[in-house]
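2 protein chains.
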Amino acid sequence: MDTFYESSMLIINEKELLQKVQTHNNVHEITVQVPGGLRKRALKIADFLENAGYTVFISADPCYGACDLKEQGDLLIHVGHTRMYSPHIPVIFAEVYDDYDFIPVLRNHYKTLPSPVGLLTTVQHQLQLPRVQSFLSEKGIHPLLGGGKRTQFKGQILGCDLTAAVTIQDDVEAFLYLGTGIFHPLGAAIATKKSVFRIYDTFEEVSPKKLLKQRHALIFKASQSRKMGIVISTKKGQYRKKRAIQIRDYLEEKGMKTYLFVADEIRPDILHGCDAYVICACPRIALDDAALFEKPVLTCTEVPLLFEDKAYEMDMIL
Amino acid sequence: MDTFYESSMLIINEKELLQKVQTHNNVHEITVQVPGGLRKRALKIADFLENAGYTVFISADPCYGACDLKEQGDLLIHVGHTRMYSPHIPVIFAEVYDDYDFIPVLRNHYKTLPSPVGLLTTVQHQLQLPRVQSFLSEKGIHPLLGGGKRTQFKGQILGCDLTAAVTIQDDVEAFLYLGTGIFHPLGAAIATKKSVFRIYDTFEEVSPKKLLKQRHALIFKASQSRKMGIVISTKKGQYRKKRAIQIRDYLEEKGMKTYLFVADEIRPDILHGCDAYVICACPRIALDDAALFEKPVLTCTEVPLLFEDKAYEMDMIL
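Chains as they are written, first to last, in our numbering: chain A, 1 to 318; chain B, 1 to 318.
It is worth saying that the hints were derived from the structure and are not from the lab. Treat the hints with care, as some may be off.
As the list makes no split between identical chains, a pair holds if one copy fits it or if it spans any two.
As the list claims (entries may be wrong) - Derived DSS-like pairs: lysine-lysine, alpha-carbon spacing no greater than 25 Å straight-line:
id, residue 1, residue 2
1, K213, K310
2, K40, K227
3, K154, K213
4, K44, K257
Take the sequences, apply the hints, and build the full model.
Here it is in structure tokens:
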């Protein structure tokens, strides 16, 4: 199955990108920002822009999404994500397309899918959506697409915005997630309480059971805390100060001692002095990286579960 | 000798700090920023400010100096360093004093010192300077203090500002550095080419030989590079874009392929794609942390040594 994966390519249209840059006047210094997996590409982009006469600064800070635009220079080229908020300098969102063809694997597995089925994906598989929609329709499975709050196209979900799934959860029998990784389809499964099938080089139903077990164990451990840290990120698209203050007041009322922390990148080595932490930033920090932190790290929506037996909810930034 | 060290205390005057805060009107949200070694203190400061009715955010980002003020909230309390540039929000620089008494050790060793001797130290030993000056004068050794560019009191040096030493180098026979650590006195020795004695719980002359050997080895390795990365930090007091562009032009003229990088915190894991890097930020990154980086990292003043046999110069931000 690996051949499918290896044969797919991440495509950035450099010519189109340069044309877009050239529509902006008075641009001399350009910042290029790419997510970790595309760091080699940043150097190539710098090359062709330098050749076109621009001075290019490659942003070396870690980049996880469009929630954290590096607004430096006359223009920012942000690669791999779609617009989330309005920046102060002109920004070109250079989309990256994975030309992976879902149809061969889907052909072997579509019979497992109920109808209607909600389609979900991330930006790099956007161009494949129409093909998958047509294929499913031909096979008598009705595909549905929902709109997100901070997303750009129908069917798109983010780690912090699963609205495109939630909004159609009552209209579909299950979801089909096109793409790699487990975080997004697991999030959709938890947020909608529907079956979510994930397709890339394999096809399977994702199960949130293990994650929920881990989270409840961590929430229990955190409930024994005396001192709770509440952590905000200054990254613009992750900044939730108001929510942090609400959580602080709630926890203080419940008798916990709290401290508010603020940081750019929330890494394990920067947290200190408390028994557990609530991460009022990207929900993936607490969910994906829990094992890296010495102390329990909770998402915002996990806080009430410290004291009440409520349904588990995904944390979203909307 | 350890008893001396253990018996000294880092003193922050909390009452005075609160009084200073209360002179500012319309302050509701306070950010507290401390260097790594004082992280526990941040929680204590938060406690007494919260008790006085303020909402306190503890900055959890790493903090290495006053070159990187977290200008968030209505007021910033920056602990342990002195003012370096003008911030956009009110900042209280809470100085931290080490009450360590240099006299007992100095009594055993002052005979080694020539006259006149230049005195150097960092902010936490500021209050001990007059005592040391009197002691030396009594013993017939004339103590001299120079002024720095970005420092606050006479005799103060920073990792990036050794002016207080350089400015009096022709008037003294040697320097006496009061304090712990080896970086500052080594820097002074390299910058002034004078003997530098360091005193704390021990008394010794520092020798820059080993450091210079390591640097020349690294510079040689970097001279074999084809692709050179030039890295700027966005930290306000470390931002040297102009210098970076000059170095870029110089290296390109010399036939090297260059890439400009920009980052907040320059850590080993964020650099990629080049054979060596010039760090146009805090000079300690290249000098203190060289072993942590996979590739050679140079300071700005080391760049000409890639091509010319010149005297070694310390990199300063002035």
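Consistency of the hints with the structure:
no.: 1; hint: K213 / K310; verdict: within (14 Å within a copy, 64 Å between copies)
no.: 2; hint: K40 / K227; verdict: between (43 Å within a copy, 13 Å between copies)
no.: 3; hint: K154 / K213; verdict: neither (31 Å within a copy, 60 Å between copies)
no.: 4; hint: K44 / K257; verdict: between (50 Å within a copy, 13 Å between copies)
Violated hint: 3 only; the structure is consistent with all others.
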